[in-house]
Amino acid sequence: MFYRESGVFKTSYAADMALMPLPNTRWAVAALGVLFIVIAPLACDEYTLSVLNLILIAVVGAIGLNILVGYTDQVSIGHGAFMSVGAYTAAHLITQLHAPFWIAVPAGGLMAALIGALVGIPSLRIKGLYLAIATLAAQLIIEWTINHVSWVSGGTQASIQVGPPSVFGTELTSAWQMYLFLMFFVILAIVGTQNLIRSRIGRAFIAIRDQDIAAEIIGINIFRYKLWAFAISSFYAGVTGVLYTYYLGIANYEQFQLDVSISFLAMVIIGGLGSTLGPIFGAIFVTLLPIVTRRVLESVGGLFFAASDLSAVIPSLRLAIFGGLIIFFLVMEPEGLNRLWRNVRNYFRTWPFSY
Amino acid sequence: MQNLTKGTLALAGCVAAGLWLAGGAAAQQKEILIGSQCDRTGPTQLVGTVFCPGVQDYVNLINSQGGVDGYKVRINELDNNYQVPPAIEEYERHKQEGAVSMLIWGTPQAEALNPRLEKDHIPGTSPGFGAAAAANGAKYPYLFPLAATYWSQGADAISFIKGKLGDSLKGKKIAYLYYDNPAGLEPMPILKELQTNEGFELRTFAVPPPGVEMSAQVLDIAQRYRPDFVIAHLFGRSPSVAIKGLKQAGYPLSKVLGLVWASSEADIAAAGGWAVAQGYHTMQFVGVGTDYPVLQQIKAMYQKEGKPPPQGMQTSVYYNRGIQDAAVHIEALRNALKLTGGKPPTGEDMKKGFEMIKDFTLGGLLPPLEVTPTDHEGGGWVQIFQVQGDKLVKETEWFHAYRDMVLKAVNAAS
Numbered sequence: 422m423f424y425r426e427s428g429v430f431k432t433s434y435a436a437d438m439a440l441m442p443l444p445n446t447r448w449a450v451a452a453l454g455v456l457f458i459v460i461a462p463l464a465c466d467e468y469t470l471s472v473l474n475l476i477l478i479a480v481v482g483a484i485g486l487n488i489l490v491g492y493t494d495q496v497s498i499g500h501g502a503f504m505s506v507g508a509y510t511a512a513h514l515i516t517q518l519h520a521p522f523w524i525a526v527p528a529g530g531l532m533a534a535l536i537g538a539l540v541g542i543p544s545l546r547i548k549g550l551y552l553a554i555a556t557l558a559a560q561l562i563i564e565w566t567i568n569h570v571s572w573v574s575g576g577t578q579a580s581i582q583v584g585p586p587s588v589f590g591t592e593l594t595s596a597w598q599m600y601l602f603l604m605f606f607v608i609l610a611i612v613g614t615q616n617l618i619r620s621r622i623g624r625a626f627i628a629i630r631d632q633d634i635a636a637e638i639i640g641i642n643i644f645r646y647k648l649w650a651f652a653i654s655s656f657y658a659g660v661t662g663v664l665y666t667y668y669l670g671i672a673n674y675e676q677f678q679l680d681v682s683i684s685f686l687a688m689v690i691i692g693g694l695g696s697t698l699g700p701i702f703g704a705i706f707v708t709l710l711p712i713v714t715r716r717v718l719e720s721v722g723g724l725f726f727a728a729s730d731l732s733a734v735i736p737s738l739r740l741a742i743f744g745g746l747i748i749f750f751l752v753m754e755p756e757g758l759n760r761l762w763r764n765v766r767n768y769f770r771t772w773p774f775s776y
Numbered sequence: 010m011q012n013l014t015k016g017t018l019a020l021a022g023c024v025a026a027g028l029w030l031a032g033g034a035a036a037q038q039k040e041i042l043i044g045s046q047c048d049r050t051g052p053t054q055l056v057g058t059v060f061c062p063g064v065q066d067y068v069n070l071i072n073s074q075g076g077v078d079g080y081k082v083r084i085n086e087l088d089n090n091y092q093v094p095p096a097i098e099e100y101e102r103h104k105q106e107g108a109v110s111m112l113i114w115g116t117p118q119a120e121a122l123n124p125r126l127e128k129d130h131i132p133g134t135s136p137g138f139g140a141a142a143a144a145n146g147a148k149y150p151y152l153f154p155l156a157a158t159y160w161s162q163g164a165d166a167i168s169f170i171k172g173k174l175g176d177s178l179k180g181k182k183i184a185y186l187y188y189d190n191p192a193g194l195e196p197m198p199i200l201k202e203l204q205t206n207e208g209f210e211l212r213t214f215a216v217p218p219p220g221v222e223m224s225a226q227v228l229d230i231a232q233r234y235r236p237d238f239v240i241a242h243l244f245g246r247s248p249s250v251a252i253k254g255l256k257q258a259g260y261p262l263s264k265v266l267g268l269v270w271a272s273s274e275a276d277i278a279a280a281g282g283w284a285v286a287q288g289y290h291t292m293q294f295v296g297v298g299t300d301y302p303v304l305q306q307i308k309a310m311y312q313k314e315g316k317p318p319p320q321g322m323q324t325s326v327y328y329n330r331g332i333q334d335a336a337v338h339i340e341a342l343r344n345a346l347k348l349t350g351g352k353p354p355t356g357e358d359m360k361k362g363f364e365m366i367k368d369f370t371l372g373g374l375l376p377p378l379e380v381t382p383t384d385h386e387g388g389g390w391v392q393i394f395q396v397q398g399d400k401l402v403k404e405t406e407w408f409h410a411y412r413d414m415v416l417k418a419v420n421a422a423s
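In order, the protein sequences belong to chains A and B.
422 is the number of the first residue of the first sequence in our numbering; add one for each residue after it.
10 is the number of the first residue of the second sequence in our numbering; add one for each residue after it.
The following block holds chain A by itself, in its conformation from the complex (with noise of 0.2 Å):
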């Protein structure tokens, strides 16, 4: 936000070792979630709540990529399909045993992140692309599994309906209730992910991204603290695929393909690596950026193309901007929107008396 830190003086540990050390941080907060949590499930129509919902589910994906990605420098390309596993999971779990969300949610995300460990255990010797591919071959392995082994995939149209979550004993059936119920999980991954990176296993992750043999040499379990990293981030891969599950109703494979896995690391690389910022920006942009494509086209286009063109040009060019929009803010700023943001931050910081 726009102020400075000076004339806070620390007095604790405790103040220094805070999450928001700033009084200034804590104020923004407060308005942001009062903005958030109270005022937009009231004053947004039901299509705008959709769209915010998909933008929530984004957001904790993305988040979770970021722990592998934008913090330990590993990389995956299977996301996609540990959000599959975690939808399953759940959907078993919900089914059959009739599990409550509390339950089934950190159940899908516990599955996965075993399936992601197992995962990870290749990136104890391979690094970057090597990497990327072995992760690819683990999306396509589950791919397959899902579509082939019919007691994970429930039959051959590998597709598991469930019902709306319900918190005590009220079914969440509409779209703002569904929001308040994402948006918790979003705070939860959020506020989880600051202390992650601010703990010892978080510094441990920074270390190996800075410089993998120097953090061995320190005494760091690189073995160990890879697979948490691909563990931690397979966790909220999962989750996300449960909250995917809840939102539409029904846990398919075919929602969980490779192009989803590309389009997650998308959204970190675009918002920007190795903060928690950076995947927000990221999970919105990526998400809304073909919504607001395709009204701005639909009310401009009628001046450059025939009305009876309009529905076979837009789709095209929606796609086309959106590919050059992506270009056009990595170049303009290649460590991402968060990155962007800061920028804006810093000048307004010292405005009017920059120099």
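Hints listed in this document are in silico derivations from the structure and should not be mistaken for laboratory results.
There could be a bad hint or two in this list.
Distance condition first, Cα-Cα at most 20 Å in a straight line; then the derived SDA-like pairs of lysine to any residue [as the list claims (entries may be wrong)]:
# : chain 1 : residue 1 : chain 2 : residue 2
1 : B       : K104      : A       : H569
2 : B       : K104      : A       : S595
3 : B       : K128      : A       : P585
4 : B       : K128      : A       : V472
5 : B       : K201      : A       : P585
The hints should help you fit chain B onto chain A, whose structure is shown.
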């Protein structure tokens, strides 16, 4: 100067008021919105770029004839790029704009939207897509496949082959070449059951996605297994690869039957043209060719506007399927307006309208559909066409086979 500003402001105000009034006048015209998800991009664009104009053209034709009982029909076409989250966004948008029914695009999308259709009481059609079990109107009250599902297609295929092989399949060998995804696997239970009933031998050959490499499977079929007939259930680019591969391996294409997504002119062109594909059988759930009155009317409509007929008409398989998908919505609307006595129908009325569809064939383009509250498939009708010369020639009239068995499977799946 100040006067000038005032004048400008006044003028702007007038223009704005005029625009607002014009907008109000336009809104007063009676209009019904039908939401359409139709993919001209993404993995199914080969189908969509031909299919979607078919939808639009049919609706334009209806509107040029005065609409339905005085109501203009508006199709709001949105492209979901074959992804589920955009499909949700588009569904919510159509719902907000007041759509009374929806055209759904894609199998995972149909599955994901079904709970919403049920909750909001809006009927959706998914011809040629997704879960065969959706044929059961009791379990999927608001989803209408309205075209032969993969189960019906499997049963119809076996019946056609039985006719070709001398009315008995005992001891005959049938190869099932399929795209290895849920849609490709779907006909399997029906084929397995028919295998025991009819006493033929069935071997399956999976083609892993994206399905452009299948030389091993094709050689296996043509040179080792040597079946009496091949059923090809493939999508996207893969049908053309199969046609070309089987031809090169020396397997007669007159013993190959492609199910509905392996059956377009585009597949034949991509396989190397009509000369390569001679004899290939294709299964269709909507008529093929342009010899139908409705297509002539669309041509006339374009001529009146001084434009050439749409290019998509040439690849008539998908274009005609687009016409079908639009036409069932219009027919349902017509039925719904009968129920409401001319008042704008709700989604619930439209559902009843769909369930009243009967004897609506558009001059033979559509099969003799008979939709009921329990049968949302309308009978599972198909026609078989064969590549002869440079066109698809009709081999059979509309037929359906092993209907009891298919319906039993549909009910058992619920």
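Verification of the supplied hints:
1. Distance check on the hinted pair: K104 (chain B) and H569 (chain A) sit about 36 Å apart at the alpha-carbon level, beyond 20 Å; violated.
2. The straight-line distance between the Cα atoms of K104 (chain B) and S595 (chain A) is roughly 14 Å, inside the 20 Å bound, and the hint therefore holds.
3. For a cut-off of 20 Å, the pair hint linking K128 (chain B) to P585 (chain A) stands: about 11 Å separates their Cα positions.
4. Between K128 (chain B) and V472 (chain A), the direct Cα distance comes to roughly 18 Å. Compliance with the 20 Å bound is thereby established for this hinted pair.
5. Between K201 (chain B) and P585 (chain A), the direct Cα distance comes to roughly 35 Å. Violation of the 20 Å bound is thereby established for this hinted pair.
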